[in-house]
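Engineer: Throw the hints in and build the complete structure from the sequences for me.
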Amino acid sequence: MSTPSSSSSTRSFLVLAAAFLSVVAAVAWRLHVTTRPDEEEEQVLGAPEDEAPPPEVASAELFSADNPTPVKGVEVVRDTLWIQVGAAGRIRALRRQALEARVPGELLSLAVREGELVRRGQTLAVIDSTETLLELATARVQLLVAEAEYDRLIESGDENDSPSVKESRANAAVVMSGLERERANLARVELKLARSVVTAPFAGKIADIRVAVGERIDPGAELLTVLDISSVEVEVEVPEGELNKLEAGRRARVNLAAYSGDTLEARVSRVNPVIDSRERTGRAVLSLANPDLRLFPGMHARVLLDVEALPDRLVVPRSAVLQRSETLDRHVVFIYLPEGDFGFSDWRYVNLGRESITHVELVREGPENGIVDPGEIVLVDGHHYLSHQTKVRLVDDVAAAGGRPTR
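Residues in the sequence shown are numbered from 470 upward in steps of one, following the working numbering.
I should point out that these hints are in silico values taken from the structure, not numbers from a laboratory.
Idealized CB from N, CA, C, for every residue including glycine.
Don't take each hint at face value.
[Said to hold, decoys possible] Distance ranges between label pairs, derived from CB positions:
1. 811 to 564: 49 to 59 Å
2. 762 to 713: 32 to 42 Å
3. 718 to 652: 24 to 34 Å
4. 580 to 626: 47 to 57 Å
5. 741 to 762: 26 to 36 Å
6. 666 to 613: 50 to 60 Å
7. 779 to 730: 51 to 61 Å
8. 585 to 731: 21 to 31 Å
9. 761 to 609: 42 to 52 Å
10. 689 to 603: 19 to 29 Å
Structural biologist: This is the structure:
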């Protein structure tokens, strides 16, 4: 027969045992819940049977099965892949000329303002020419006197003299009368008068006006600048290793800070073969059309230069390629498979070849067996959170369509 103390010990033991079993059961349930994310993710993502889905692809439950996800796609093409190099530069005018005063005097008129368009030969400024006009009148009188003296000396000779004597007398008359000297003096004064009127050397825009009406101007003083920006140039510094691949006529794409949404096409016009030993760069100059005259000297530009051509390559935009797997060493693209008014996403692991700044080459050689053919539609925006066989629809603007654009 048990004693009261032994019964109490038995009850305590049973209570402790029950508590221990409860803790063990709770831990086991927790481990069961937290050790199966891969299996659950496979069920959610719906990967192809022959491949495990990328663990980074978000759950398809984020998107309604009844509402196709907005995505943007482009056609896969076989084309020349241009390897590009980036460079920075600044715009400069095709022609630039600072106009200086060539005669002294007061600035009587300034007929233009900065930013104004002018035509070739248009009057821009006039410098007082009163003194020059007096010099001109004096020079004309002196020339008349010289011509009269020349005639007198010629007529003083004998008409029966031989031709050689007459020629000698005429030469002597030119010197003695000062005829050539006075002719040269008149031409000098006329040139001085002409220089008091400042005209445009070519059609362009006025910039950097440095004088005002009423100022006393000395010869050599800078008046204003005329810029020809009917087309402009972009001077860029190119790494020395890429400079030898450039040649005149090569295409370049230009983005300007002032017009961030625009990409302009330019051409290499010349390449300077001299290398800056300190910077290890060379200089290339691009020609850029400027029909609406909105590009101004000094604007900062970012340039992509085509330096190497790889013909007949299967290429897609870089934005089409996503990195997958835990180590991010596998690459996948999503292909649009149409079905009626919408379609489905089809992911394919791919092998990458050469890459440019904007595009990537897809090759068959490599560990992946995904094949993409020319003419298929590859997704380039709104596809980062897709799973395999997600219902999608093609749009031009993912954000405007309510989708999740690529960040």
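Engineer: Any of the earlier hints contradicted here, and which numbers?
Structural biologist: 3, 6 and 7
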